[in-house]
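Enquirer: Below are the chains, spelled out letter by letter.
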Amino acid sequence: MKSICLFFQIHQPFRHRRYRFFDIGNDHYYYDDYSNESIIRNIADKSYLPANKLLLDLAKKMGNKFKVAFSITGVALEQFELYAPDVIESFQKLTKTGCVEFLAETYSHSLSSLKDIDAFTDQVKKHDDQIFRLFGQKPRVFRNTEMIYSDEIGEKVAKLGYSAMLTEGAKHILGWKSPDYLYVNAINPRLKVLMRNYKLSDDIGFRFSDKNWDKYPLTAEKYVSWLEKVGEKEEVINLFMGYDSFGTRQPKEAGIFDFLKALAEQVVKSDTLRFSTPSEVVDELQPISVVSVPHAISWSDEERDLSAWLGNEMQKEAFEKLYAMKEQMARCTNAELHKDWNYLQASDHFFYMSTKYFSDGDRHRSYSHFDSPYEAFINYMNVLSDFKIRLNTHVPESEVENEIALLHRMLEEKEEKIKKMEADLRRLQKTKRQKTTSRKKK
Amino acid sequence: MDATGKLEDQMKVLMFGWEFPPHISGGLGTACYGLTKGMAEIEDIDLTFVVPRAFGDEDPSRMKLIGANNIPINRTTFSFNDGDNTMEYLEVDSPILPYVNEDEFWILKSKRYSSQTKFVETDENSKIEFSGGYGPGLLKEIRDYALVARLIAEDNPCDIIHAHDWLTYPAGIAASRATGKPLVIHVHATDFDRSGGDVNPRVYAIEREGMEAADKIITVSNLTRKMVVEKYGIPPEKVVTVYNAVESVNHEKGTLPPKGVNDKVVTFLGRITMQKGPGYFVEAAYLVLKKMQNARFVMAGSGDMMNEMIARTAALGIADKFHFTGFLKGNDVNDLFSMTDVFVMPSVSEPFGIVPLEAMQLNVPVIISNQSGVSEILKHAIKIDFWDTYAMADAIYGVLNYTSLAQHFKTAGKTEVEELKWTHSAREVRKVYESILKEN
Numbered sequence: 001m002k003s004i005c006l007f008f009q010i011h012q013p014f015r016h017r018r019y020r021f022f023d024i025g026n027d028h029y030y031y032d033d034y035s036n037e038s039i040i041r042n043i044a045d046k047s048y049l050p051a052n053k054l055l056l057d058l059a060k061k062m063g064n065k066f067k068v069a070f071s072i073t074g075v076a077l078e079q080f081e082l083y084a085p086d087v088i089e090s091f092q093k094l095t096k097t098g099c100v101e102f103l104a105e106t107y108s109h110s111l112s113s114l115k116d117i118d119a120f121t122d123q124v125k126k127h128d129d130q131i132f133r134l135f136g137q138k139p140r141v142f143r144n145t146e147m148i149y150s151d152e153i154g155e156k157v158a159k160l161g162y163s164a165m166l167t168e169g170a171k172h173i174l175g176w177k178s179p180d181y182l183y184v185n186a187i188n189p190r191l192k193v194l195m196r197n198y199k200l201s202d203d204i205g206f207r208f209s210d211k212n213w214d215k216y217p218l219t220a221e222k223y224v225s226w227l228e229k230v231g232e233k234e235e236v237i238n239l240f241m242g243y244d245s246f247g248t249r250q251p252k253e254a255g256i257f258d259f260l261k262a263l264a265e266q267v268v269k270s271d272t273l274r275f276s277t278p279s280e281v282v283d284e285l286q287p288i289s290v291v292s293v294p295h296a297i298s299w300s301d302e303e304r305d306l307s308a309w310l311g312n313e314m315q316k317e318a319f320e321k322l323y324a325m326k327e328q329m330a331r332c333t334n335a336e337l338h339k340d341w342n343y344l345q346a347s348d349h350f351f352y353m354s355t356k357y358f359s360d361g362d363r364h365r366s367y368s369h370f371d372s373p374y375e376a377f378i379n380y381m382n383v384l385s386d387f388k389i390r391l392n393t394h395v396p397e398s399e400v401e402n403e404i405a406l407l408h409r410m411l412e413e414k415e416e417k418i419k420k421m422e423a424d425l426r427r428l429q430k431t432k433r434q435k436t437t438s439r440k441k442k
Numbered sequence: 001m002d003a004t005g006k007l008e009d010q011m012k013v014l015m016f017g018w019e020f021p022p023h024i025s026g027g028l029g030t031a032c033y034g035l036t037k038g039m040a041e042i043e044d045i046d047l048t049f050v051v052p053r054a055f056g057d058e059d060p061s062r063m064k065l066i067g068a069n070n071i072p073i074n075r076t077t078f079s080f081n082d083g084d085n086t087m088e089y090l091e092v093d094s095p096i097l098p099y100v101n102e103d104e105f106w107i108l109k110s111k112r113y114s115s116q117t118k119f120v121e122t123d124e125n126s127k128i129e130f131s132g133g134y135g136p137g138l139l140k141e142i143r144d145y146a147l148v149a150r151l152i153a154e155d156n157p158c159d160i161i162h163a164h165d166w167l168t169y170p171a172g173i174a175a176s177r178a179t180g181k182p183l184v185i186h187v188h189a190t191d192f193d194r195s196g197g198d199v200n201p202r203v204y205a206i207e208r209e210g211m212e213a214a215d216k217i218i219t220v221s222n223l224t225r226k227m228v229v230e231k232y233g234i235p236p237e238k239v240v241t242v243y244n245a246v247e248s249v250n251h252e253k254g255t256l257p258p259k260g261v262n263d264k265v266v267t268f269l270g271r272i273t274m275q276k277g278p279g280y281f282v283e284a285a286y287l288v289l290k291k292m293q294n295a296r297f298v299m300a301g302s303g304d305m306m307n308e309m310i311a312r313t314a315a316l317g318i319a320d321k322f323h324f325t326g327f328l329k330g331n332d333v334n335d336l337f338s339m340t341d342v343f344v345m346p347s348v349s350e351p352f353g354i355v356p357l358e359a360m361q362l363n364v365p366v367i368i369s370n371q372s373g374v375s376e377i378l379k380h381a382i383k384i385d386f387w388d389t390y391a392m393a394d395a396i397y398g399v400l401n402y403t404s405l406a407q408h409f410k411t412a413g414k415t416e417v418e419e420l421k422w423t424h425s426a427r428e429v430r431k432v433y434e435s436i437l438k439e440n
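Those protein sequences? They're chains B and S, same order as listed. For the first sequence, the UniProt record's numbering gives the first residue as 1, with consecutive numbering after it. For the second sequence, the UniProt record's numbering gives the first residue as 1, with consecutive numbering after it.
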């Protein structure tokens with residue numbers, strides 16, 4: 001019996017508005033509410049809501065035989081609460097069927113795992129809390145931003161108490177080995193690793209409606225026959241993809257929803273296939289070997305590396321300057337700043353600065369609302385400058401600022417004292433007056 | 001030419017420019033406007049200014065403004081001077097045949113015409129469309145402009161023809177040949193300045209032709225004069241320097257918010273191209289930021305080197321202190337200057353450079369390169385070589401940190417720049433006219 005492990009990711013960043021140098025110090029609102037709202041509304045109507053409806057039907061019809069896992073980033077959930085609360089409701093309904101497992105992830109789909117353990121821990125905890133608040137689940141399995149994984153990151157995740165992690169079944173890592181088994185982390189073998197079967201995943205996520213594909217059109221029968229044909233001993237097929245594959249990347253008109261429905265029905269009917277959630281896979285299967293990933297991998301591009309986010313000088317500069325503030329942030333107690341700090345960490349901002357596909361206008365560009373990666377960089381750095389100024393007034397960095405903050409605090413204390421004394425004075429005067437009046441009465 | 005008689009009454013000048021306020025995109029339009037305004041102050045000059053395209057909302061104070069796009073060219077014959085400075089006029093069949101659309105063009109073409117006949121596309125009123133910009137088809141527009149210039153010159157009797165920069169040289173030559181009147185060309189920039197040495201041979205040929213055809217050449221600085229003499233092989237006695245001046249800038253606010261940062265602001269303003277030396281500014285910024293953190297650098301403008309500059313600031317790790325604003329419109333420039341502590345013009349090759357004068361009027365200390373024409377006349381400015389980024393960094397640091405220095409530049413600079421009047425330049429230009437008319 002082979003396990004089919006279905007996993008969908010959902011993420012939407014808070015996109016920045018055009019933020020000019022002249023806005024620095026003058027305007028502290030960074031977000032393009034209009035496009036954020038319209039993008040969320042559009043994708044909710046085209047993808048998330050119809051897909052959720054379909055999954056709910058399947059779950060009701062098939063009972064506990066249908067299983068699916070999600071990771072929804074904190075910033076996406078926040079935007080649903082703002083702009084599309086019906087999406088949250090439909091996920092809650094789906095959760096009640098018991099067929100859904102929510103995975104842990106970084107709150108803002110950030111790259112913090114590559115930089116700083118404290119910022120990373122902070123993000124993961126914040127996300128866990130949010131999942132628990134909305135869906136009542138405590139995630140056991142971790143899924144990092146864009147499937148970014150290395151031995152070191154795996155070890156960190158194990159320390160945070162998670163039992164398994166999802167990543168890409170990258171060819172340059174696995175070599176002759178198959179992604180269709182359960183593996184363990186090279187440093188801490190207690191952490192299991194699920195490797196994505198990128199061929200079968202991308203057949204649905206990327207190629208489904210591609211008319212130039214030699215396997216087009218893809219039917220559920222055909223696909224299930226491929227699943228069944230995967231080696232006899234293989235134990236789990238990890239199908240990980242973006243949830244927007246349904247309805248957005250693959251349009252409804254191409255029949256993607258019907259495909260998903262038929263696929264689920266055939267898997268449930270099959271004698272050799274069954275659905276499992278990541279946690280079930282971890283509990284039921286025996287790991288086959290260690291997988292060694294010394295350098296970080298991701299599920300992006302041919303290279304399966306980090307070059308889409310940290311490939312050029314601009315991206316590295318922005319990344320360094322952002323996390324240079326982490327110590328100050330650790331001492332900061334201002335809620336507004338923490339909110340912006342989380343949004344600023346979204347990996348998307350770095351993705352927009354990618355020059356990898358700038359020339360041939362490939363898919364990178366279609367995901368960016370900037371005309372060029374340079375414009376994206378300028379905008380981000382301007383926002384970062386304003387953020388830094390705000391942060392410095394709350395958490396002073398230099399001695400002068402320290403002094404100012406100290407004086408500020410002293411001033412506040414003195415003012416409080418004065419207020420207190422004035423109150424005392426009024427009280428005393430009142431009692432005095434009362435005394436005199438009472439005396440007069442006498 | 002009947003020079004002796006003419007000089008006593010009005011001196012009629014026919015001037016060819018490329019743009020006129022408010023439709024200007026660069027320094028050329030600003031300089032032409034300033035000069036014409038200055039000339040309008042001189043009593044005995046009667047000025048007619050021609051641009052390829054008149055929009056109708058220009059405000060020509062005390063001069064006549066002609067748009068070449070408003071001149072019909074439906075004559076069948078007209079005369080032209082067959083080169084050289086002979087006075088012989090030849091009556092010939094028109095070498096220009098106007099047509100409105102492609103169909104008509106093919107019908108005309110199918111008929112027999114002499115091989116010298118040129119076809120010109122016009123609108124229904126036999127007028128030529130001009131964009132008056134710098135876009136594609138520029139060379140065609142320059143040629144069309146020259147065709148119309150002949151007609152204009154014939155309809156507007158004049159004593160002197162004056163053409164500004166290479167775009168209008170062919171027009172000036174055509175007008176001069178048509179009327180036999182002397183030609184003055186005014187060099188605001190050469191292609192060596194614009195291209196950083198890598199000249200476009202077609203532009204160079206047009207420039208050289210204009211310089212050779214001219215009776216006198218006016219350059220905006222000795223730097224440019226030297227360029228004209230050395231690179232174009234023009235005899236030095238034919239070239240005269242007349243410095244530009246600056247209009248009093250208005251102090252109106254633009255659309256930008258007030259300064260939002262506490263740090264000192266160092267500004268670069270101009271096209272981000274090789275000619276303006278943006279790269280040296282970035283390197284100097286890096287050196288300054290090593291010494292002080294409370295400074296921000298602003299690069300305002302756009303251009304083909306912008307992306308390279310952005311990438312460079314990232315590579316140097318100063319992108320959080322170095323900001324790009326894109327092109328600033330109208331009074332937004334005033335707003336930027338009002339928050340600027342020092343303005344830097346590190347041009348590699350700047351024939352004149354009006355922006356530092358505008359900055360000085362707005363109480364901004366300026367640092368300019370020795371490779372700019374304006375450095376020849378300014379005293380109260382720091383001058384450095386464009387390539388000397390250490391000296392540039394030194395100067396920036398000094399102005400930002402020693403308040404007495406900055407204060408000195410503000411007050412002395414303002415006084416100095418207020419002396420630079422366009423009427424003065426206009427009188428110098430008039431002297432050039434006089435010298436030609438006397439010679440003839």
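Treat each hint with caution, since some may be false.
Said to hold, decoys possible - Heads up, simulated SDA-like pairs for lysine to any residue below, C-alpha to C-alpha not over 25 Å straight-line:
{"id": "1", "chain 1": "S", "residue 1": "259", "chain 2": "B", "residue 2": "431"}
{"id": "2", "chain 1": "S", "residue 1": "259", "chain 2": "B", "residue 2": "114"}
{"id": "3", "chain 1": "B", "residue 1": "321", "chain 2": "B", "residue 2": "57"}
{"id": "4", "chain 1": "S", "residue 1": "291", "chain 2": "B", "residue 2": "337"}
{"id": "5", "chain 1": "S", "residue 1": "259", "chain 2": "B", "residue 2": "68"}
Unchecked claim - Residues of chain B placed beyond 12 Å of chain S at every Cβ, according to the derived structure:
{"id": "6", "residue": "18"}
{"id": "7", "residue": "20"}
{"id": "8", "residue": "63"}
{"id": "9", "residue": "155"}
{"id": "10", "residue": "223"}
{"id": "11", "residue": "233"}
{"id": "12", "residue": "234"}
{"id": "13", "residue": "261"}
{"id": "14", "residue": "316"}
{"id": "15", "residue": "355"}
{"id": "16", "residue": "385"}
{"id": "17", "residue": "392"}
{"id": "18", "residue": "398"}
{"id": "19", "residue": "413"}
Stated by the list, open to error - Covered stretches of chain S (chain B as the covering partner; in silico rule of three or more C-beta atoms under 8 Å from a C-beta of chain B):
{"id": "20", "stretch": "253 to 260"}
{"id": "21", "stretch": "303 to 311"}
Everything labelled a hint here was simulated from the structure, so no lab data went into it. Think of the CB as a built atom: it goes at the ideal place given N, C-alpha and C, for glycine as much as any other residue.
Enquirer: Does each hint fit the structure? Answer for all of them.
Expert: Hints and how they fare:
Our distance criterion of 25 Å between C-alpha atoms is broken by residue 259 of chain S and residue 431 of chain B, whose separation comes to about 52 Å. For a cut-off of 25 Å, the pair hint linking residue 259 of chain S to residue 114 of chain B is broken: about 36 Å separates their Cα positions. This hinted pair does not check out: residue 321 of chain B and residue 57 of chain B have alpha carbons roughly 47 Å apart, beyond 25 Å. Note on residue 291 of chain S and residue 337 of chain B: the hinted pairing is violated, with a Cα-Cα distance of about 29 Å set against a maximum of 25 Å.
About 53 Å separates the Cα atoms of residue 259 of chain S and residue 68 of chain B, which puts this hinted pair outside 25 Å; it is violated. Distance check on residue 18 of chain B: its Cβ comes as close as 10 Å (rounded) to a Cβ of chain S, failing to clear the 12 Å threshold; non-interface status is violated. Non-interface status of residue 20 of chain B relative to chain S is broken: a Cβ of that chain comes within 12 Å, the nearest being about 6 Å off. Separation of residue 63 of chain B from chain S is adequate, the least Cβ-Cβ distance of about 55 Å exceeding the 12 Å criterion.
With a cut of 12 Å on Cβ distances, residue 155 of chain B stays outside the contact zone with chain S, its closest approach being about 30 Å. Here residue 223 of chain B stays apart from chain S, with its beta-carbon at least about 44 Å from theirs, past the 12 Å limit. Its beta-carbon lying about 50 Å from the closest one in chain S, residue 233 of chain B satisfies the requirement of being farther than 12 Å from that chain. The Cβ of residue 234 of chain B lies farther than 12 Å from every Cβ of chain S, with a closest approach of about 45 Å, so its non-interface assignment holds.
The non-interface label for residue 261 of chain B is consistent with chain S: the shortest C-beta to C-beta separation is roughly 48 Å, beyond 12 Å. Residue 316 of chain B, annotated as away from the interface, has a beta carbon of chain S within 12 Å; the closest lies near 7 Å. Separation of residue 355 of chain B from chain S is inadequate, the least Cβ-Cβ distance of about 8 Å not exceeding the 12 Å criterion. For residue 385 of chain B, the non-interface assignment is contradicted: its Cβ lies about 6 Å from the closest Cβ of chain S, within the 12 Å cut-off.
With a least CB separation of 10 Å from chain S, residue 392 of chain B falls inside the 12 Å interface cut-off, contrary to its annotation. Consistency note on residue 398 of chain B: stated as away from chain S, yet its beta-carbon is not over 12 Å from all of that chain's, at 8 Å minimum. Here residue 413 of chain B stays apart from chain S, with its beta-carbon at least about 25 Å from theirs, past the 12 Å limit. Note: the stretch 253 to 260 of chain S has 5 residues with beta-carbon separation from chain B under 8 Å; the three-residue rule is met and the coverage holds.
Only when three residues or more bring their CB closer than 8 Å to a CB of chain B does the claim for the stretch 303 to 311 of chain S stand; here the count is 4, and the claim holds.
This entry does not satisfy hints 1, 2, 3, 4, 5, 6, 7, 14, 15, 16, 17 and 18, going by the numbered hints stated previously.
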